[in-house]
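Following the hints, complete the assembly by docking chain B onto the known chain A.
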Amino acid sequence: NAGVTQTPKFQVLKTGQSMTLQCAQDMNHEYMSWYRQDPGMGLRLIHYSVGAGITDQGEVPNGYNVSRSTTEDFPLRLLSAAPSQTSVYFCASSRDGSYEQYFGPGTRLTVT
Amino acid sequence: QQQVKQSPQSLIVQKGGISIINCAYENTAFDYFPWYQQFPGKGPALLIAIRPDVSEKKEGRFTISFNKSAKQFSLHIMDSQPGDSATYFCAASSIKTGGFKTIFGAGTRLFVKA
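As given, the protein sequences belong to chains A and B, one line each in that order.
Quick note: the first sequence uses this note's numbering, first residue 1, plus one each step.
Quick note: the second sequence uses this note's numbering, first residue 1, plus one each step.
Treat each hint with caution, since some may be false.
[Unchecked claim] Below, computed lysine-lysine pairings styled on DSSO-like, alpha-carbon distance capped at 27 Å:
#1 B:15 x A:9
#2 B:68 x B:57
#3 B:101 x B:15
#4 A:14 x B:101
#5 B:15 x B:68
#6 B:15 x B:42
#7 A:9 x B:42
#8 B:58 x B:42
#9 B:15 x B:57
[Stated by the list, open to error] For each label pair, taking beta carbons as the anchor points, the in silico distance ranges come out as:
#10 B:45 x A:61: 19 to 27 Å
#11 A:65 x B:60: 41 to 49 Å
#12 A:53 x B:78: 25 to 33 Å
#13 A:26 x B:72: 34 to 42 Å
#14 B:16 x A:53: 46 to 54 Å
#15 A:50 x B:42: 25 to 33 Å
#16 B:111 x A:8: 26 to 34 Å
#17 A:96 x B:67: 23 to 31 Å
#18 B:39 x A:38: 16 to 24 Å
#19 B:65 x A:96: 22 to 30 Å
#20 A:63 x B:39: 25 to 33 Å
[Claimed, not checked] Some chain B residues flagged as far from chain A (calculated, every beta-carbon gap over 10 Å):
#21 14
#22 72
#23 76
#24 105
It is worth saying that the hints were derived from the structure and are not from the lab.
For every residue, glycine included, the Cβ atom is placed at its ideal position computed from N, Cα and C.
Excised from the complex, chain A in its bound form (with noise of 0.2 Å):
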């Protein structure tokens, strides 16, 4: 199993500009949730989804959109990129929801 993978690595963007962030799990989770990690902020909830076709906002859901149409999938995307989202964005899933997350690698994204 490949387990929880993300692309690109890295994005650099300029302010305004628009992409999506891509999440993959192979695990058949029906949980799949974003965060992004900022220096002495730790990892904070972007969005999350409970199964196909279901999506909520989590802590910091401004700027960014999602969609859920697999199990497998969780795309988040970035409609007008601002330096604020600036960050280090993880994809993680999970069997149950609440508990053990599987984390991918990240994409470190920078607007300029």
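Leaving out everything else, chain B in the frame of chain A:
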């Protein structure tokens, strides 16, 4: 807002020493307290976790101590090794708190000197 407060921010320990990282939470509905370990350039990975019905859990050199009345829990790393140098995150979660939202502490950067 639900919070998990973690301390210290950074920690330097001699090889063979004991590393101790502390966390405190607010919401008594939390029923799962994991610790994640993160190496540079990697995603966090589950290290050890505890439920509030026990006061201690040990796995090898890693031990979680849990104090339900004080709403505090801590990670002890015995016989710390240079390979333990990483960032450690405590977290708390519960099915009851409107879904499965896991709240993470701010992280502790541990450096073990050889």
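Verification of the hints:
no.: 1; hint: B:15 x A:9; in the structure: violated (33 Å)
no.: 2; hint: B:68 x B:57; in the structure: holds (14 Å)
no.: 3; hint: B:101 x B:15; in the structure: violated (36 Å)
no.: 4; hint: A:14 x B:101; in the structure: violated (31 Å)
no.: 5; hint: B:15 x B:68; in the structure: violated (31 Å)
no.: 6; hint: B:15 x B:42; in the structure: holds (23 Å)
no.: 7; hint: A:9 x B:42; in the structure: holds (11 Å)
no.: 8; hint: B:58 x B:42; in the structure: holds (25 Å)
no.: 9; hint: B:15 x B:57; in the structure: holds (23 Å)
no.: 10; hint: B:45 x A:61: 19 to 27 Å; in the structure: holds (25 Å)
no.: 11; hint: A:65 x B:60: 41 to 49 Å; in the structure: holds (42 Å)
no.: 12; hint: A:53 x B:78: 25 to 33 Å; in the structure: violated (46 Å)
no.: 13; hint: A:26 x B:72: 34 to 42 Å; in the structure: holds (38 Å)
no.: 14; hint: B:16 x A:53: 46 to 54 Å; in the structure: holds (52 Å)
no.: 15; hint: A:50 x B:42: 25 to 33 Å; in the structure: holds (26 Å)
no.: 16; hint: B:111 x A:8: 26 to 34 Å; in the structure: holds (30 Å)
no.: 17; hint: A:96 x B:67: 23 to 31 Å; in the structure: holds (26 Å)
no.: 18; hint: B:39 x A:38: 16 to 24 Å; in the structure: holds (18 Å)
no.: 19; hint: B:65 x A:96: 22 to 30 Å; in the structure: holds (25 Å)
no.: 20; hint: A:63 x B:39: 25 to 33 Å; in the structure: holds (29 Å)
no.: 21; hint: 14; in the structure: holds (25 Å)
no.: 22; hint: 72; in the structure: holds (17 Å)
no.: 23; hint: 76; in the structure: holds (20 Å)
no.: 24; hint: 105; in the structure: violated (6 Å)
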